[in-house]
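Undergrad: If you want the building blocks of each chain, they are given just below.
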Amino acid sequence: MRPPNGATAVARVTAGVTMSHVPAIGAASDLGKAGDGYWQPLFAGFEFSRRWIAQRKPDVIFLVYNDHATAFDLNLIPTFAIGCGDEYEIADEGWGPRPVPKVVGAPDLAWYIRQAVIQEDFDLTAVSNVAVDHGLTVPLTLMFDRPDAWPVLVVPFAVNVIVYPPPSARRCFELGKAIRRAIDSFEADLDVQVWGTGGMSHQLQGPRAGFINQEFDARFLDALVEDPEHLCQLSLLDYMRQAGSEGVELVMWLIMRGALNDQVTELHRHYHVPASNTAVGHLILENR
Amino acid sequence: MALDKPYGDIPGTTVFDADMARLGFHANQFCMSLMKSENRQRFLADERAYLDEWPMAEEQKRAFLDRDYNRLLELGVNVYYFGKLFFTDGISFEKGAASMTGMTQEAYRAMMISGGRRPEDDVRLASADRPRSPRHRLGQGADAPAERRDRRG
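Respectively, the protein sequence lines represent chains A and B.
Residues in the first sequence are numbered consecutively from 139, following my numbering.
Residues in the second sequence are numbered consecutively from 698, following my numbering.
Keep in mind that the hints were calculated from the coordinates and are not lab data.
Each hint should be verified, as a subset may be incorrect.
Restraint-style ranges between C-beta atoms, simulated for each label pair [unchecked claim]:
hint, chain 1, residue 1, chain 2, residue 2, range
1, B, Gly-705, A, Asp-400, 34 to 40 Å
2, A, Glu-404, B, Leu-700, 37 to 43 Å
3, B, Trp-751, A, Arg-189, 33 to 39 Å
4, A, Glu-367, B, Ser-734, 45 to 51 Å
5, A, Asp-168, B, Ser-734, 16 to 22 Å
6, A, Glu-404, B, Arg-759, 48 to 54 Å
7, A, Glu-227, B, Asn-736, 18 to 24 Å
8, A, Asp-168, B, Ala-746, 32 to 38 Å
9, B, Trp-751, A, Asp-261, 30 to 36 Å
10, A, Glu-225, B, Arg-764, 35 to 41 Å
11, B, Arg-764, A, Tyr-176, 22 to 28 Å
All residues carry an ideal CB built from backbone N, CA and C; glycine is no exception.
Turn these sequences into a full structure, and let the hints guide you.
TA: What follows is the structure in structure tokens.
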């Protein structure tokens with residue numbers, strides 16, 4: 139949707155993408171094991187996605203993820219943190235930084251969104267000098283493989299899902315709508331995609347580790363496309379019970395969905411169990 | 698008014714909430730220190746001495762020394778934090794997760810490849826759940842972190 143001649147262009151949200159961000163996926167790519175028997179079925183589900191994004195390449199990705207006790211620890215726990223920096227270093231998570239390109243930010247857009255959504259009562263924390271971990275880099279790998287430089291600018295958006303409580307599904311969905319309104323009013327000729335990452339069902343801790351709920355995941359994928367309102371009615375307890383204690387990350391997908399139109403077209407779906415301890419889900423949705 | 702905690706009955710699960718974060722603050726920050734190579738080397742060279750530099754309870758130090766991950770969960774250490782210990786020890790997250798379930802890594806991996814732990818398994822886990830340790834035990838008497846004793850006078 140371009141404005142008529144003479145009018146100022148504004149940014150456009152063109153599509154939403156969701157995917158899991160399991161660290162072992164990054165390691166498999168970095169070590170050249172993506173074609174191995176264990177990993178091939180997972181990566182095969184992203185072949186369509188890589189072709190699609192090459193044709194529909196956005197200028198900016200608003201990338202919703204969570205930090206895993208990497209940049210944020212118990213000393214600082216922002217519920218919502220928006221990356222406003224020029225660029226982001228790749229975190230050393232204990233085995234050296236992933237050998238992937240640095241992430242280049244979109245600070246003009248990020249600062250603008252920060253101001254706009256705080257004015258709508260969503261109190262974001264602005265961060266600039268912050269290292270990004272697998273939560274952010276694995277989704278880029280899944281969609282862009284192993285380029286010399288990432289072909290997009292990124293606004294990192296970190297959500298606390300580790301120290302209870304994370305923000306509710308409802309809160310995330312409404313926040314996504316506010317982010318959409320902000321992007322729609324940003325005066326620049328930019329195509330923006332919103333990505334929601336994490337999930338799907340998984341549990342990493344305690345005797346219940348290894349928990350996977352394929353029936354729940356399938357219902358979640360359907361509802362995210364057709365009836366996200368239903369997913370907003372689920373409590374954090376519902377998510378932990380049905381998707382595992384770490385599956386509560388799925389609330390981040392609601393931010394992505396809130397930023398899209400009510401009606402969307404599902405272009406692509408992929409689901410695979412397992413990646414290490416986790417059920418991997420992936421959707422590409424375009425605004426209708 | 699007490700906090701509403703509706704999640705206590707999820708079997709085999711410790712929710713990392715306000716009480717856990719308070720209880721495990723220093724133990725978790727110890728884990729964060731293992732993000733640095735020089736600290737990993739110092740820890741592995743003399744685990745006890747390195748742990749003694751942190752104001753945490755003896756029970757927490759003992760659980761780290763024993764690599765008793767389920768006990769660490771009870772004592773307020775979050776899995777993403779003691780995951781730094783997996784990397785320090787050179788074991789995978791898969792192996793670490795397997796050890797919390799009482800399964801071998803091979804059996805755990807086979808379970809995951811066949812679709813993971815099924816939701817129906819919650820019934821068995823609920824009957825196997827051991828009662829949680831009373832949280833007030835930590836922080837009293839000789840086990841108390843110095844910082845906490847001081848603050849409470």
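Undergrad: Which numbered hints does this structure break?
TA: The structure breaks only hint 3.
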